[in-house]
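Assemble chain B onto chain A, guided by the hints.
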Amino acid sequence: MEARNIDVKSEISCQHLYKSFPGMDGNVTEVLKDVNLSVAKNEFLVILGPGQCGKTTLLNIMAGLDSSDSGEILLNDVPVSGPNPNLGLVFQRMALMPWKTVMGNVSMGLKFRGVSKKEREEKARYFINLVGLSGFEKSYPYQLSGGMKQRVGIARAYCSDPEVLLMDEPFGALDAQTRYMMEEEILRIWEKAKRTVVFVTNNIEEAIYLGDRIVLLSRCPATVKAVYPIDLARPRQFTDSRFLEVRQKIADNTDLAL
Amino acid sequence: MNAKASPAEIFSRFLPLTSLLLIIIVWQFAATGGYFGKSLPSPVAVVNQFVDMLAEPVGKTILGGHIWASMRRVLTAFAVAVLIGIPMGLLMGWNKKAEAIIKPIFEIFRPIPPIAWIPLAILWFGIEETPKVFICFIGAFIPAVMNAYTGIRFTDPLLLDAARSQGANLRQLFKEVAVPSALPAIFAGLQNGLSLCWMCVLAAEMVGAEEGVGYLILRGMDMSNPAMIITGMLIIGAVGALIAVGLRYVERWVCPWKREISM
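Chain order of the listed sequences is A and B. Numbering follows my numbering, in which position 119 of the first sequence is assigned residue number 119; successive positions increment by one, without gaps. Numbering follows my numbering, in which position 10 of the second sequence is assigned residue number 10; successive positions increment by one, without gaps.
Since the hints were made in silico from the structure, they are not lab data. Since the structure is predicted, the reported quantities are computational estimates derived from the model, not experimental observations. You may find that some hints are simply not true.
Stated by the list, open to error - Here are the simulated SDA-like cross-link-like pairs (lysine to any residue), alpha carbons at most 25 Å apart as the crow flies:
hint, chain 1, residue 1, chain 2, residue 2
1, A, 138, B, 251
2, A, 118, B, 171
3, B, 103, B, 221
4, A, 118, B, 191
To be verified - Covered stretches of chain A, going by a simulated chain B footprint (3 or more residues, C-beta under 8 Å):
hint, segment
5, 90-96
6, 107-114
The C-beta atom is built at its ideal place from N, Cα and C for all residues, glycine as well.
Excised from the complex, chain A in its bound form (with noise of 0.2 Å):
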């Protein structure tokens, strides 16, 4: 399973990431534990962990936006020092700016970089298109319902044009319904727009669905625990026989309550 990924250039990788916080008796709590992965150019990667297991702060080290103790990540063999134009982040809570349209929104990244107004206007209203959105261009957050919202977060990370796109438990705060919903939304979304995805989910059918390879974390210090290639042919079906045969396998592997 590892030679499938080794002649093929890593885009983004994590190198012993370390990372621990003071906890409030004083004591420090340990988040992650020698962390290494590596993802290929547009490979759709899932991690997969319980939750409060330290994937938030993974993700938020790997944008840029928190640094680790020690250990790297390298894009493109660069290491990552900030936030990056070529990482993209969409959030389990949506994040959007209330006060900006949808428009606004998804068009941001490109305002901060100075792009024109027209220019940006019509890059926008093309991921808007994308995610299925057209027509809602100026409504606020408000007017939207979660699914709605969360393909704008979707649109706002593709729109800045990364190479990479982290996304953290972004179906996390959907009811079921739409969550099933999104979730084959966004595998249409990412085979019309290729891009490297690290998707962060704990819900392990999610992970199943939509991963080219899971990453399957231990719990509080997170560190990597195995690898597992899901090569079934999309789209894929939940009650598939080789389908439950990876869910068991991966279940076995994990404390996760399933």
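Just chain B, lined up with the frame of chain A:
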């Protein structure tokens, strides 16, 4: 709203009117019953007084002139307070050093009621317009600073992260995230400040003025004309309410994304 409102809905829509009417009826009976002697005029007497004052001057000017005199003081003070206070509050909320310098000074002055400044204001600025505007300024200044400050401080770190991951620099974080997210708090501060301003102007005018609504009330007392006092009081309430409504419209225009909440 729709054509087929049930009787219960119609009833509940008229409830506020009913309670207002009730107050006026009770007031009328209390006035004509003579429980307060001559010091409680009837609603009719107040309306008459109001109509009289529309055309007939009290002191230097008619009613409209008095309202304008008070308004002018309030608006001048409010404008100055907003122009200085909001930038100061924003700076204090955004910059740790500015916070360390300004906040302690502020904590000392904050709990002092604006009206407590009246004696000093008179000693410093005499009895003309300046001390009145100054008192109003203090009233509006403190909420303007405090709300801009807390508004910035309560900016959701998640939104700052989102903007940072989108490549925002410090200046853009301030302009595109912190300030807009502080706007609702700032507007709440302006509402507060404006109503405080309006209270302060009355207090300042009662200490010594030749025009203004506060002067009217005091004049009413001097002339043993309770109808004039009550007219003045009602006008204070009405103007205060109108100002608040006006500011709410401005807020709805500046913060359209909050429309659903402020409705």
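### Query
Is the Cα-Cα distance between residue 103 of chain B and residue 221 of chain B 25 Å or less?
This hinted pair is violated, its Cα atoms lying about 42 Å apart.
### Message
Against the 25 Å threshold, does the CA-CA distance of residue 138 of chain A and residue 251 of chain B hold or violate the hint?
### Response
holds, 19 Å
### Query
Under a C-beta cut-off of less than 8 Å, do 3 or more residues of the segment 107-114 of chain A approach chain B closely enough to confirm the stated coverage?
holds (count 5)
#### Entry: 8 Å C-beta test of the segment 90-96 of chain A against chain B, three or more residues
Result for this restraint: holds, n = 4.
### Query
Given the proposed pairing of residue 118 of chain A with residue 171 of chain B, does the C-alpha separation stay at or below 25 Å?
Measuring from Cα to Cα gives roughly 23 Å; hence the hint holds.
### Message
Checking one constraint from the list: CA of residue 118 of chain A to CA of residue 191 of chain B, max 25 Å. Satisfied?
### Response
violated, 38 Å
Checked against the numbered hints given earlier, this structure breaks hints 3, 4; the rest are met.
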